[in-house]
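Undergrad: Below are the chains, spelled out letter by letter.
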Amino acid sequence: MSAFLFLVFFVTLAAGLPVAISMGAAGMASVLVGGKFPALVVPQHLFNGISSFPLMAVPFFVLAADLMTASGITGSLMRFANNLVGHIKGGLGHVNVLVSMLFAGVSGSALADAAGPGAIEMTMMHKAGYDKAYAGALSATTATIGPIIPPSILMVVYAISDARVTVAGLFLAGVVPGLLLGFALSATNHWMSVKKGYIFRSRRPSLSELGKSFVSAAPALGLPAVIMGGILGGIFTPTEAAAVAVAYSIVLGCLVLRTLNIKRLMDVFVQSGVTSAAVLLIVSMASIFSWLLTLLQVPQRIAWEISNLTTSPAVVMLLVAIVVFLCGMVIDTLPALIILVPVLGPLVDKFNIDPLYFAMTVVLNLTLGLVTPPVAPVLFVISTVGNIKFEDLVKAAIPFIVAEILVLGLVILFPPLSTTLPRLLGFAR
Amino acid sequence: MARSKWQAVNAGLVRINRGCIGIMLCAMFLMVFANVVTRYCLGFSIAAAEEISTFLMIWVTYLGAGLALREGRLASIDVLQDRLPAKLRSLLRMGLGMVMVVFFLLLSWYGVGLVVLGWSQETFALMIPRGIPYLVVPIGSLLFVAHSIFFFRKWVRKDWDRNLAEVHPDTGEISRE
Chain X
1 MSAFLFLVFF VTLAAGLPVA ISMGAAGMAS VLVGGKFPAL VVPQHLFNGI SSFPLMAVPF
61 FVLAADLMTA SGITGSLMRF ANNLVGHIKG GLGHVNVLVS MLFAGVSGSA LADAAGPGAI
121 EMTMMHKAGY DKAYAGALSA TTATIGPIIP PSILMVVYAI SDARVTVAGL FLAGVVPGLL
181 LGFALSATNH WMSVKKGYIF RSRRPSLSEL GKSFVSAAPA LGLPAVIMGG ILGGIFTPTE
241 AAAVAVAYSI VLGCLVLRTL NIKRLMDVFV QSGVTSAAVL LIVSMASIFS WLLTLLQVPQ
301 RIAWEISNLT TSPAVVMLLV AIVVFLCGMV IDTLPALIIL VPVLGPLVDK FNIDPLYFAM
361 TVVLNLTLGL VTPPVAPVLF VISTVGNIKF EDLVKAAIPF IVAEILVLGL VILFPPLSTT
421 LPRLLGFAR
Chain L
430 MARSKWQAVN AGLVRINRGC IGIMLCAMFL MVFANVVTRY CLGFSIAAAE EISTFLMIWV
490 TYLGAGLALR EGRLASIDVL QDRLPAKLRS LLRMGLGMVM VVFFLLLSWY GVGLVVLGWS
550 QETFALMIPR GIPYLVVPIG SLLFVAHSIF FFRKWVRKDW DRNLAEVHPD TGEISRE
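Those sequence lines, one after another, are chains X and L.
Residues in the first sequence are numbered consecutively from 1, following our numbering.
Residues in the second sequence are numbered consecutively from 430, following our numbering.
For the record, the hints were derived by calculation from the structure and aren't laboratory data.
Small disclaimer: the values here were computed from a predicted structure and weren't measured.
Yeah, the Cβ is synthetic: ideal placement off N, Cα and C, and Gly gets one too.
Heads up, some of the hints might be wrong.
[Said to hold, decoys possible] Below, a list of computed lysine-lysine pairs in the DSBU-like style, where the Cα atoms sit at most 30 Å apart:
hint, chain 1, residue 1, chain 2, residue 2
1, X, 132, L, 516
2, X, 89, X, 212
3, X, 89, X, 36
4, L, 434, X, 389
5, X, 196, X, 395
6, X, 127, X, 89
7, X, 132, L, 587
8, X, 395, L, 434
9, X, 263, X, 89
10, L, 434, L, 587
11, L, 587, X, 389
12, X, 195, X, 350
13, X, 36, X, 127
14, X, 195, X, 36
15, X, 89, X, 350
16, L, 516, X, 263
17, X, 132, X, 350
18, X, 89, X, 389
19, L, 516, X, 195
20, X, 395, X, 127
21, X, 350, X, 196
[Stated by the list, open to error] Here are a few chain X residues that face chain L, going by a calculated C-beta distance under 10 Å:
hint, residue
22, 33
23, 34
24, 266
25, 293
26, 351
[Stated by the list, open to error] Derived list of chain L stretches under chain X, where covered just means 3 residues or more per stretch with a C-beta under 8 Å from a C-beta of chain X:
hint, stretch
27, 501 to 515
28, 578 to 589
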């Protein structure tokens, strides 16, 4: 039965069936062919797999980010970032990195960043004289900071699929790696800009200009403070925090900035609803798939095989990193996460690895999959939006991807990078 | 004549479907937010609101899946099929479209079974038959089938609906086609 499950899954996946439906179809086909369970278990798992209040943080974080983008707050974030770092060598590139880091505090997904601020930054950089592929590659790779700096949809789903970690703990674990990613990309941009002669920079702003742009960006900067403060202070659950973030964005867009009206608001609700449907359909369909995996003892068998191979946690982490990286290259981030978490989870217990550290390496590793071909959703978005040939974009992205892999290596080598902050604040178990 | 009728039904289906999704997401938000407010201001929260909003999320997922298909937002791996000659690729995509239709037809059939089974159980907070929220499985599946059929030719050509928000390169504003 497990052979059949994998056969249907991989054949339909390779043929180009949507990943969500591949998982559902493989699950249903195995149940029907196996004959051990009534077919009713399929709709039952699809329903119960997403019948979860904590999971509701996902649509709300999507909604909050869409509302923020629609209210035009991204523009003021960009002006602020430009005033802050635009006058350094490779200026707009650094602005690009900084905006992604700031926007990461609003949105939970890399695609939202790539399609929103990423696309705008790319156009700005191109206009300023940067090579289009270079600008696109930087926008794409900076977008991967989104799921690492909290809030993060990936982390919410991770915490729901693995009881060993909490959303708050994972959010905190992502802070230092997220900052590291930002530094690494900025440093690479600096080096490349010097090498390629991109010395265009903006004029150094006066202090009052900087202050003014800070004030207009402050509402957007306040949002992550509300979200994280609320969750860490034990005031809200992540789902409630996400709902508060939505309310905050609506008040900001409709009453403060006055850029949103009822019609626009409704448009955003529909758009976010469809985005959420696409994300949650994957979670739903994956639940039947991973239920079958667990039932067939696949995770246990893998853990057992690996423990026969080695007894060193370091070697296990290396093996996991390679497996996850390869999966991230060919499967989309979220489905890869949902399939891998139950499969790799037993390793954490068996080798006594810190679950938060383990989770952080997996999330970071899979996020790199967003920009590693052949399946690189963020590169696809940027190549479509910016009308850049995919191959050129990939070539230009290589130095940045290497920088990100180095950060991943650091996070794997030094567990305290991810575990210190949650431990200090008492969110590690 | 028949063709314009077909298109009118198609457009109507999309419009009503979009409206439902927007209203449901809005209702979810209002319920959860109201619960936050009542809990911290008045000291109580409504368990039923938590349950209804969770069910609504599942409804949004299954009622929105067809729209996500139309907008090309159901992620798939197309690198291999893109290497096929155009004719073969169209044939493959037709086949995949039919696989989706068959899968969701089966799902709606077993979904009806689930609704029947769930009719004799009660939900925790609302104490209504579980069959009522379960209804989304057959309804959503049939809706997806309807979208697949209306969208079939465009699915084969990967001619996605342009409902994706487009970001204006200068102002950062979202506009719609």
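Undergrad: Against each hint, give a clear statement of whether it holds in the structure.
TA: Outcome of the hint check:
Distance hint between residue 132(X) and residue 516(L) is unfulfilled; the C-alpha atoms sit about 33 Å from each other, more than 30 Å. Using a Cα cut-off of 30 Å, the hinted pair residue 89(X) and residue 212(X) holds, with the two alpha carbons roughly 23 Å apart. At roughly 65 Å between alpha-carbon atoms, residue 89(X) and residue 36(X) are farther apart than 30 Å, so this suggested pair is violated. For the proposed pair residue 434(L) and residue 389(X), the alpha carbon gap of about 40 Å is over 30 Å, so the pair is violated.
In summary, the hint linking residue 196(X) to residue 395(X) is supported, as the alpha carbons are separated by about 15 Å, within the 30 Å threshold. Taking the CA atoms of residue 127(X) and residue 89(X), the gap is about 17 Å. The hint holds against a cut of 30 Å. Proximity of residue 132(X) to residue 587(L) is assessed by CA-CA distance (about 26 Å); at most 30 Å being required, the pair is judged to hold. Between residue 395(X) and residue 434(L), the direct Cα distance comes to roughly 49 Å. Violation of the 30 Å bound is thereby established for this hinted pair.
The hinted pair formed by residue 263(X) and residue 89(X) fails the criterion: a straight-line CA distance of about 43 Å is larger than 30 Å. As the CA atoms of residue 434(L) and residue 587(L) are separated by approximately 23 Å, the hinted pair is consistent with the 30 Å bound. Between the alpha carbons of residue 587(L) and residue 389(X) the distance comes to roughly 19 Å, so the proposed pair stays at or under 30 Å and holds. Between residue 195(X) and residue 350(X), the direct Cα distance comes to roughly 48 Å. Violation of the 30 Å bound is thereby established for this hinted pair.
With a C-alpha separation of about 62 Å, the suggested pair residue 36(X) and residue 127(X) falls outside the 30 Å cut-off, and the hint is violated. About 63 Å separates the Cα atoms of residue 195(X) and residue 36(X), which puts this hinted pair outside 30 Å; it is violated. The suggested pairing of residue 89(X) with residue 350(X) is violated, with an alpha-carbon distance near 49 Å, which exceeds 30 Å. Straight-line distance between C-alpha atoms of residue 516(L) and residue 263(X) comes to about 43 Å, which puts the hinted pair past the 30 Å bound.
Under the criterion of a C-alpha separation no larger than 30 Å, the hint pairing residue 132(X) with residue 350(X) is inconsistent with the structure, at around 48 Å. Proximity of residue 89(X) to residue 389(X) is assessed by CA-CA distance (about 27 Å); at most 30 Å being required, the pair is judged to hold. Restraint check for residue 516(L) and residue 195(X): the C-alpha separation of about 46 Å exceeds 30 Å, so the hint is violated. Straight-line distance between C-alpha atoms of residue 395(X) and residue 127(X) comes to about 21 Å, which keeps the hinted pair within the 30 Å bound.
Proposed proximity of residue 350(X) and residue 196(X) is contradicted: the alpha carbons are some 49 Å apart, above 30 Å. For residue 33(X), the interface hint is violated, the least distance from its beta-carbon to any beta-carbon of chain L being 13 Å, above 10 Å. The beta carbon of residue 34(X) comes no nearer than 15 Å to any beta carbon in chain L, farther than 10 Å, and the hint placing it at the interface is violated. Restraint check, residue 266(X) versus chain L: the minimum CB separation of about 5 Å is within 10 Å; hint holds.
Violation of the interface hint for residue 293(X) is found here, the shortest Cβ-Cβ separation to chain L being roughly 19 Å, above the 10 Å cut-off. Hint on residue 351(X) is violated. Least Cβ distance to chain L is approximately 32 Å, over the 10 Å limit. By the rule of at least three residues with a Cβ nearer than 8 Å to a Cβ of chain X, the coverage given for the stretch 501 to 515 of chain L holds, with 9 such residues. Coverage of the stretch 578 to 589 of chain L by chain X is violated. Counting CB-CB distances below 8 Å, 0 residues qualify, and the rule asks for three or more.
Consistency note: the structure conflicts with the earlier hints numbered 1, 3, 4, 8, 9, 12, 13, 14, 15, 16, 17, 19, 21, 22, 23, 25, 26 and 28.
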